[in-house]
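Enquirer: Spelled out, the chains give:
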Amino acid sequence: MSDVHSEVSRFLERLKERCAERDRSQGREPSWIAARRQAGAARFEALGFPTRRDEAWKYTDVRAIARGDFALTDSADFSPATAAALTLPLEAHRLTFIDGVFSAALSDLGELPSGVAVLPLSQALAENHEAVGGPLGRLTGVDFSPFSALNTAFMEEGAVVRLAPGSVVEKPILLQFLSRSGAKPVMSHPRILVEAGSRSQATLVEHHVGESEAANFTNLVAELMLDRGAILTHYKLQEAPLADLHVASIHVEQARDSRYTSFNLNLGGGLVRNDLISELNGEGAEANFYGLFYGQGRQHIDNHTLANHNAPRTFSNENYKGILDDRARGVFNGKVVVKRDSQKIEGFQSNANLLLSDRAEIDAKPELEIYADDVKCSHGTTTGQLDEEAIYALRTRGIDLQTARGLLTLAFAGEVLDRVDLDAVSERVELAVAGKLPERFNLAGLVEASLALHDE
Amino acid sequence: MASQEMEQLVRREYKEGFVTDIESETVPPGLDESVIAFISNKKGEPEWMLEWRIKAYHQWLKMTPPSWAHLDYPPIDYQAISYYSAPKRPEDRPQSLDEVDPKLLETYEKLGIPLHERAALAGVAVDAVFDSVSVTTTFKHKLHEAGVIFCSISEAIRDYPELIKQYLGTVVPVADNYFAALNSAVFTDGSFVFVPKGVTCPMELSTYFRINAANTGQFERTLIICEEGAQVSYLEGCTAPMRDENQLHAAVVELVALDDAYIKYSTVQNWYPGDENGKGGIYNFVTKRGDCRGDRSRISWTQVETGSAITWKYPSCVLRGKDSIGEFYSVAVTNGRQQADTGTKMIHIGEGTRSYIVSKGISAGRSNQSYRGLVKIGPRAKGARNFTQCDSLLIGDQCGAHTFPYQEIGNSTATIEHEATTSKIGEDQLFYCQSRGISEEDAVSMIVNGFCKDVFQELPMEFAVEAEALLNVTLEGAVG
Numbered sequence: 000m001s002d003v004h005s006e007v008s009r010f011l012e013r014l015k016e017r018c019a020e021r022d023r024s025q026g027r028e029p030s031w032i033a034a035r036r037q038a039g040a041a042r043f044e045a046l047g048f049p050t051r052r053d054e055a056w057k058y059t060d061v062r063a064i065a066r067g068d069f070a071l072t073d074s075a076d077f078s079p080a081t082a083a084a085l086t087l088p089l090e091a092h093r094l095t096f097i098d099g100v101f102s103a104a105l106s107d108l109g110e111l112p113s114g115v116a117v118l119p120l121s122q123a124l125a126e127n128h129e130a131v132g133g134p135l136g137r138l139t140g141v142d143f144s145p146f147s148a149l150n151t152a153f154m155e156e157g158a159v160v161r162l163a164p165g166s167v168v169e170k171p172i173l174l175q176f177l178s179r180s181g182a183k184p185v186m187s188h189p190r191i192l193v194e195a196g197s198r199s200q201a202t203l204v205e206h207h208v209g210e211s212e213a214a215n216f217t218n219l220v221a222e223l224m225l226d227r228g229a230i231l232t233h234y235k236l237q238e239a240p241l242a243d244l245h246v247a248s249i250h251v252e253q254a255r256d257s258r259y260t261s262f263n264l265n266l267g268g269g270l271v272r273n274d275l276i277s278e279l280n281g282e283g284a285e286a287n288f289y290g291l292f293y294g295q296g297r298q299h300i301d302n303h304t305l306a307n308h309n310a311p312r313t314f315s316n317e318n319y320k321g322i323l324d325d326r327a328r329g330v331f332n333g334k335v336v337v338k339r340d341s342q343k344i345e346g347f348q349s350n351a352n353l354l355l356s357d358r359a360e361i362d363a364k365p366e367l368e369i370y371a372d373d374v375k376c377s378h379g380t381t382t383g384q385l386d387e388e389a390i391y392a393l394r395t396r397g398i399d400l401q402t403a404r405g406l407l408t409l410a411f412a413g414e415v416l417d418r419v420d421l422d423a424v425s426e427r428v429e430l431a432v433a434g435k436l437p438e439r440f441n442l443a444g445l446v447e448a449s450l451a452l453h454d455e
Numbered sequence: 000m001a002s003q004e005m006e007q008l009v010r011r012e013y014k015e016g017f018v019t020d021i022e023s024e025t026v027p028p029g030l031d032e033s034v035i036a037f038i039s040n041k042k043g044e045p046e047w048m049l050e051w052r053i054k055a056y057h058q059w060l061k062m063t064p065p066s067w068a069h070l071d072y073p074p075i076d077y078q079a080i081s082y083y084s085a086p087k088r089p090e091d092r093p094q095s096l097d098e099v100d101p102k103l104l105e106t107y108e109k110l111g112i113p114l115h116e117r118a119a120l121a122g123v124a125v126d127a128v129f130d131s132v133s134v135t136t137t138f139k140h141k142l143h144e145a146g147v148i149f150c151s152i153s154e155a156i157r158d159y160p161e162l163i164k165q166y167l168g169t170v171v172p173v174a175d176n177y178f179a180a181l182n183s184a185v186f187t188d189g190s191f192v193f194v195p196k197g198v199t200c201p202m203e204l205s206t207y208f209r210i211n212a213a214n215t216g217q218f219e220r221t222l223i224i225c226e227e228g229a230q231v232s233y234l235e236g237c238t239a240p241m242r243d244e245n246q247l248h249a250a251v252v253e254l255v256a257l258d259d260a261y262i263k264y265s266t267v268q269n270w271y272p273g274d275e276n277g278k279g280g281i282y283n284f285v286t287k288r289g290d291c292r293g294d295r296s297r298i299s300w301t302q303v304e305t306g307s308a309i310t311w312k313y314p315s316c317v318l319r320g321k322d323s324i325g326e327f328y329s330v331a332v333t334n335g336r337q338q339a340d341t342g343t344k345m346i347h348i349g350e351g352t353r354s355y356i357v358s359k360g361i362s363a364g365r366s367n368q369s370y371r372g373l374v375k376i377g378p379r380a381k382g383a384r385n386f387t388q389c390d391s392l393l394i395g396d397q398c399g400a401h402t403f404p405y406q407e408i409g410n411s412t413a414t415i416e417h418e419a420t421t422s423k424i425g426e427d428q429l430f431y432c433q434s435r436g437i438s439e440e441d442a443v444s445m446i447v448n449g450f451c452k453d454v455f456q457e458l459p460m461e462f463a464v465e466a467e468a469l470l471n472v473t474l475e476g477a478v479g
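Quick mapping for you: the protein sequence lines, in order, are chains A and B. Residue 102 in numbering that gives the first Met the number 0 is what sits at position 103 of the first sequence, and the numbering runs on without skipping anything. Residue 60 in numbering that gives the first Met the number 0 is what sits at position 61 of the second sequence, and the numbering runs on without skipping anything.
No wet-lab data here; the hints were simulated from the structure. Do not take every clue at face value.
Derived lysine to aspartate or glutamate pairs resembling DMTMM-like cross-links, with alpha carbons at most 20 Å apart [to be verified]:
1) 164(B) to 175(B)
2) 375(B) to 357(A)
3) 344(B) to 416(B)
4) 452(B) to 418(B)
5) 375(B) to 238(A)
6) 343(A) to 427(B)
7) 321(B) to 357(A)
Chain B is faced by these chain A residues, among others (derived, beta-carbon under 7 Å) [what the hints assert, rightly or not]:
8) 83
9) 361
10) 368
11) 370
12) 376
13) 384
Note that beta-carbon positions come from the ideal geometry of N, C-alpha and C, so glycine has one too.
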């Protein structure tokens, strides 16, 4: 017990230092922020880090985080050349954060349409903290998990996106989180806040990437509010270094006729845990969750999704694909909840996993919790290997074994990737999946064959 | 829709509810070592059995009741339960039906199970458990000829201590869970089946459980062992009289299948579900597990669960032997305020093991039902295969249906499939039937029976008929 206690108090100690330092350098914070920090810290202290006895954390061990000694940083120095190489080749409104610290130098917002605001959280707070105080924390209190409590206690930086009613952002909004390798691992607790006004439309790209030696801890909370008829497409491309630790919870609130589409594409990170929760509060609201995770080495990737059908005539649709190699471990937990009297619901869930190695493991748990009777809900989950007959079929057409296996693996991922509209993102994932395939795969041949197939 | 008629049907009082007045020999409520010693003494058990029970009791004291199930019930006061109740005169137990207390026969009569008739006509040996003591065992001699042992567990403890010592508690260890530990400490009866090498049991074995005498918890312990190449089909069915007090039932069933053995275990459970406000009704906390120890062995669970206020039951298979097979077929029906959290666990350990799960849940009224299952593929289970299908049918807008399937897959050669759907009876299906002159009620019954067909066809003949009838009684009028 004392051990657990010291883990928690190490984090609280760090918080106290940070707050004292901030008060000295920047003066007192607005009282509501200080109060929330306190609430977050108290909640975190009460909960402690989750253990595998907690149902939601049954398959994910967070001791690597709990036992870590993470510093906080104020520096946003990053080699521009490295950053350029890591940045997605996208024409986008870009905000960049280095270990959670905003980097003006690496950001480029370009010209935003009128009625659209994209700004770092610190700036939004400085300009008008009261406008932030309303929506911030509305979707997630400190109770959701110890990590969201921790985020509330530490939260300093992040991104605020405001879309006026009817506004349409053509170019994607890119939020880039770069992880830097340093002498000491650092932690960051970014907060993303999106307020999409009625009938507004935008594409948000959240990109986590970094220097390959980095071993930092990111604890992100996102709150996305979709007003009537708003359409938000949210890409989360996880390419963090293999020693990085990443915990995130994404809370979505959907009003009538709104549509939220999430692409959770996970390639990197040593320990990754995502909680994606959508509250379908208005009739006609629709949530689409698409996911792809590729694990190798000793990566551990845990995705929890939850669609809460709180209103009648709401729709959710989910498709998660997992490819696991070496000793990687994947966790998928998808849940659909239909509240009493939420009739005429459609909720579909599908999860398919491909195990490429004997030591890879997948723990899947698709759940349905239904309290209404006029519903159509289903879930399916499969785990298996590449289809020997499909491999055989390709080989009879003169394609060698390695290429055949590679092609089929890519095709398996393709079901999700085909839905990705941003070429820069899908290419990145395709290359990564192909590039990550074990060396016995004939890569050059694979890419050629793939291109040839595309041309046809 | 003639909803009033429906209402009436739904409200129909429990048909099997009546209390037979037979003087029971009952210990006062409460549990301590002396009660356990009393039970053990009553059963004429050897010293080692008492020690085993006491050990289990101490284990139980250290444990806490599970809280993870999707169930809602007030905490159970284990000191308010009487742990032993037996029909009087245990010493001069009847040897044949003629000697059986006529009142007891009357009870069976009311249930529509004429024991002698059933035994004679259907050729089924019946080990009737009336409360806690096996009152009568038929066809024992015929079974004896085949070398099959079929007796109450108490007799087995006295007569076959070596087998009991070898197998009891090896499939469900004492510390497995809270209710299994409690059962290990206080079990009073149950069945013991031993089928020796190469023998196919000449008839289907059946036990009718009956809960009687208010306030007594029923703690059955069943152990079935099939040696190499042996086969047996075992039927378990239950009804219970109506009463006010919640009754606790915490049974443990252990199955052991050696090389090439096949055990088929079928259950029809129709215990008192409580009245329309959920008052009364049986609490059913059962641990059932089969161990496919031998290569190519096969264990098959089939259950039809229509009764009980609360069901907490996960018949499981541990697939240890190479190429062994585990099967689970379940129909669970809940109505009124019933709650059921049921499912299965398939633990694949051996190479080439296969498992097959079909679960059909029907919720009506204000009931809540969950399927909770685990498919675990161990690193050595090369080429393991699982198929799971769990479907829920919702009748009425106040009920709930939930699925919590866990999959833990640690082997790339495994192939796992899971499918689940939740829906209600389609208006168009009903309309189709009605337009052809089938009454709404018949149409519902037809659709529901069709929904459950995959499971019913796994049941032995007599049970399948009974199950269909039960289903209709439980559900008739639930649509409205």
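Enquirer: Work down the list of hints and note, for each, if the structure agrees.
Expert: These are the hints, each one checked on the structure:
| no. | hint | result |
| --- | --- | --- |
| 1 | 164(B) to 175(B) | holds, 18 Å |
| 2 | 375(B) to 357(A) | holds, 15 Å |
| 3 | 344(B) to 416(B) | holds, 15 Å |
| 4 | 452(B) to 418(B) | holds, 17 Å |
| 5 | 375(B) to 238(A) | violated, 30 Å |
| 6 | 343(A) to 427(B) | holds, 15 Å |
| 7 | 321(B) to 357(A) | holds, 18 Å |
| 8 | 83 | violated, 39 Å |
| 9 | 361 | holds, 5 Å |
| 10 | 368 | holds, 5 Å |
| 11 | 370 | holds, 4 Å |
| 12 | 376 | holds, 4 Å |
| 13 | 384 | holds, 6 Å |
Of the numbered hints stated above, those contradicted by the structure are hints 5 and 8, listed in ascending order.
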